[in-house]
Amino acid sequence: MSSTSLTGGAASAPASKTTKPNKTEKWTEATAVASGSEVSNELPVLGHPTGLTDRYIGKTGAQILLQMLLEHHVTDAFGYPGGAILPTFDQLYDTKLNFILVRHEQGAGHMADGYARATGKPGIVIVTSGPGATNTVTPLATAYMDSIPMIVFSGQVRTYVIGNDAFQEADVTGITRPVTKRNYLVKNVKDLPRIINEAFIIATTGRPGPVLVDLPVDVTTNKVESAIDDTPWLPGYKTYRLGHSRMVKAAADMINAAQRPVLYVGGGAILSGAWKEVRELAEKGNIPCTTTLLGLGAFDENNPLSLHMLGMHGGAYANYAVQDADCLIAIGARFDDRVTGNLKLFAPKAKIVHVDIDPSSISKSVKVDVPVVGDARLCLKDMIQHIEHRPRKEWLEQIAQWKAKYPFAYRDDSPLAKPQAIIEAINKATGGNAIFTTGVGQHQMWAAQFIRWSIPRSMITSGGLGTMGYGLPSAIGAQVARPKDLVIDIDGDASFIMTAMELATIRQYKLPVKVAILNNNFQGMVRQWQKMFYGSRFSNTEMVNPDFAAMAESFGIRGIRCEKKEDVQKVVDEMIRHPGPCVVDFLCETDENVYPMVPSGKGIHEMELGIVGSAPPNMARDMGTLA
Amino acid sequence: MRHILTALVMNEPGVLSHVANMFSARGFNIDSLVVGRTEDPNLSRMTIVVIADERTLDQVRKQLAKIVTVVKVRDYKDSPYVSRDLMLVKLGVTPRTRSEIIELADLFRGRVVDVGHQAIMVELSGEEDKLDAFVELVRPYGIRELARTGVIAMARGVQGGSGDEQTMENAPEPSRMVKAAAGKRQPTQAELEATPPG
Ligand SMILES: Cc1cc2nc3c(=O)[nH]c(=O)nc-3n(C[C@H](O)[C@H](O)[C@H](O)COP(=O)(O)OP(=O)(O)OC[C@H]3O[C@@H](n4cnc5c(N)ncnc54)[C@H](O)[C@@H]3O)c2cc1C
Ligand SMILES: Cc1ncc(C[n+]2csc(CCOP(=O)(O)OP(=O)(O)O)c2C)c(N)n1
Ligand SMILES: [Mg+2]
Chain A
23 MSSTSLTGGA ASAPASKTTK PNKTEKWTEA TAVASGSEVS NELPVLGHPT
73 GLTDRYIGKT GAQILLQMLL EHHVTDAFGY PGGAILPTFD QLYDTKLNFI
123 LVRHEQGAGH MADGYARATG KPGIVIVTSG PGATNTVTPL ATAYMDSIPM
173 IVFSGQVRTY VIGNDAFQEA DVTGITRPVT KRNYLVKNVK DLPRIINEAF
223 IIATTGRPGP VLVDLPVDVT TNKVESAIDD TPWLPGYKTY RLGHSRMVKA
273 AADMINAAQR PVLYVGGGAI LSGAWKEVRE LAEKGNIPCT TTLLGLGAFD
323 ENNPLSLHML GMHGGAYANY AVQDADCLIA IGARFDDRVT GNLKLFAPKA
373 KIVHVDIDPS SISKSVKVDV PVVGDARLCL KDMIQHIEHR PRKEWLEQIA
423 QWKAKYPFAY RDDSPLAKPQ AIIEAINKAT GGNAIFTTGV GQHQMWAAQF
473 IRWSIPRSMI TSGGLGTMGY GLPSAIGAQV ARPKDLVIDI DGDASFIMTA
523 MELATIRQYK LPVKVAILNN NFQGMVRQWQ KMFYGSRFSN TEMVNPDFAA
573 MAESFGIRGI RCEKKEDVQK VVDEMIRHPG PCVVDFLCET DENVYPMVPS
623 GKGIHEMELG IVGSAPPNMA RDMGTLA
Chain B
30 MRHILTALVM NEPGVLSHVA NMFSARGFNI DSLVVGRTED PNLSRMTIVV
80 IADERTLDQV RKQLAKIVTV VKVRDYKDSP YVSRDLMLVK LGVTPRTRSE
130 IIELADLFRG RVVDVGHQAI MVELSGEEDK LDAFVELVRP YGIRELARTG
180 VIAMARGVQG GSGDEQTMEN APEPSRMVKA AAGKRQPTQA ELEATPPG
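Top to bottom, those sequences are chains A and B.
Residue numbers are given in our numbering: position 261 of the first sequence equals residue 283, and the series is strictly consecutive.
Residue numbers are given in our numbering: position 95 of the second sequence equals residue 124, and the series is strictly consecutive.
Hints may be right or wrong, so weigh each one.
Derived lysine-lysine pairs resembling DSSO-like cross-links, with alpha carbons at most 27 Å apart [claimed, not checked]: (1) A:K386 x B:K95; (2) A:K389 x A:K271; (3) A:K366 x B:K91.
Hints in this document: simulated from the structure, not taken from any laboratory.
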């Protein structure tokens, strides 16, 4: 057989028993998406191995790993060394790969995740056994929840001591199984090339997700001695591309017949690169469009049809529209409980269309009327052809009224700057034209509300797992991926300090990441719940923080402390103008809640509106009787 | 409701724990789970009995199919099938009761596989109900020890064979996933969801 590597990318191969991928084409998300509708529903999934190749003969596992990373178009990787991964680190000594040495393996994981979200390419992590590997569990879980492509290569003790409680041994495949799409313990260097090929396919195709490959020392040091087969063997792996034509047509008919349709667009639209199609569908059908936290940027919020974010802290107008809709079209969104609130009260009048690549997402929590299983971009392309323009005058007028009545709002009534005002200043300075990352908490929600999102892949945030400490490392990853773009971590004081040691990584690689800390000296989001539901008993949520600006300076990074609210815009502008990395400690008001807020157990129309206004009586009554 | 599912899985360590963990993590109820070899050394077959309503069964099926090392899932909701459970039971005996027990075992088409002065071991296979009935009948003699394998199942008719199931390369057209449904009967809603052709 041929002596070249075969690594998926079946886009141009005939689909038959002999399905073989194109020799030169490596599997990347780009090919997964780009092969598009020209070709039919071909799959990167292959049958039994058939071909032997001699190209790995005489190479060690570590050499093969490095060679194959480059062949898979990997240009950057993140990680930290240690005994069990030293053979691989030795290969990194003179490779073309740009390797970022982090300060904590959790940082490496979130960096790879931020890198993936900023580009669509899989993020790569290389760490040692035991504690090195277990430190990546939180990033794996974060990426798994948000369907982010990432591959972690972890060192492992030698195969013949596995199970003996050897030094720095941990059952890493056992520990990570529930938070990876697939994981492997490589037992023989002969299997390594096939497994690496499979890892890339699994991480980047279908519903993307993290993969872990555990590499015992003898696997990375042993040489391949004879011809081996590196063809992926994934008999149980199914991916879906085009939607069922009957379902696509049924969905379009339902949309055309609807009086009050709403598009509900999620992270899947970003993963699939479907933003053009989302806009076309909205505009052609004249359909208002709301996005989830992870869908921000998939639809231009400056478009008059935009309803901004929906859900627990979403716009009141988006939530009212969903509750009043007669047809809800979910695109790459998974009906998360932060979006639906009380399921029994969710979208009570609506027929539901759900476009999703993962059949297990469909009818998981909300019963779907028209399921369309496939890639969002390809499904929408087909669907748009059947969509007819409708005036929807009454519906759009109603929505315009809600939008006018309940805009995101805050009152500028404290001596300290309001956190929302700081985000508005950042929005003003950037026009939303930057890559933003966040921690988790109030600042994350205000960023979602007060930045006008218009660019896909510009919002990088941990949605499903809600991982504090995600902001700084993911910003580093995004900056490594897109060195010329402005990257701003909008962070909370408590979130920031969880992974703040990565400032040293910023310094070491001279990355111009900006960090805006909305410092309320509190775990603000938890404080909000304590204030609203626990009688203002602020148990263990107040933070005594360091001087963040001085701390940044000690890392050799520009640090600014902004204490006066009059200075906010000026300091924001200065931060952005600064050519290198810059950390700004924005002191802000502590006693501030995020509104609107859907209390747990309530329907999403039953928001606490706070400053945002009060519910229109007809709406509240209407909804009340629907329960 | 009790449902039987079978999953053809890749024969490698970790698959069983993945499947078992998925059930516990998602709060699905397993009644029994049996793993065994198939005619293809690369594949094993799991037979899983779950207690679930229709909606949960649908999720169980989808979540199983989603596991990369699970090759094929089938449930036996709307198709005729054969199911078997195998039991070994050791009963206390006296010279007087020995013949009664042998007679009962014969009646149930069981086999006596070990006889001693004080105990007798019976092997019995069949549907679970039959085994349950036998257990009730012999209980008064004193059950010393009892082991059951759990249920395995297989569809009646010609289709089947691990190699010839829904693997990718032998699908009638590349896009069609639910091969078993093609041309046999109207696909169910669940199958339509899982069927991606254009
Ligand atoms: C403090 C806090 C508050 C939050 N409040 C809110 C809130 O108010 N509103 C809100 O929306 N979220 C909120 N979230 C986030 C929330 O928890 C969920 O993470 C989020 O709603 C999920 O977004 P999604 O539905 O877009 O799903 P994702 O997790 O992005 O899932 C993507 C879906 O798309 C599918 N998919 C993947 N690839 C494709 C493809 N190529 N084609 C088609 N489909 C594909 C997947 O199968 C999956 O079903 C909050 C999070 C935190 C931490
Ligand atoms: C790792 C982790 N631990 C705990 C939590 C629970 N939690 C959610 S928000 C929050 C407070 C965040 O505080 P801060 O980063 O200062 O943001 P703020 O809400 O003040 O803007 C906490 C503790 C979490 N999401 N992640
Ligand atoms: Mg805070």
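Hints and how they fare:
Straight-line distance between C-alpha atoms of A:K386 and B:K95 comes to about 13 Å, which keeps the hinted pair within the 27 Å bound. For the hint linking A:K389 to A:K271, the alpha-carbon distance of about 19 Å falls within 27 Å, and the restraint holds. Of the supplied pair hints, the one linking A:K366 and B:K91 holds, its CA atoms being roughly 23 Å apart against a limit of 27 Å.
In the structure shown, no violation is registered for any of the earlier numbered hints.
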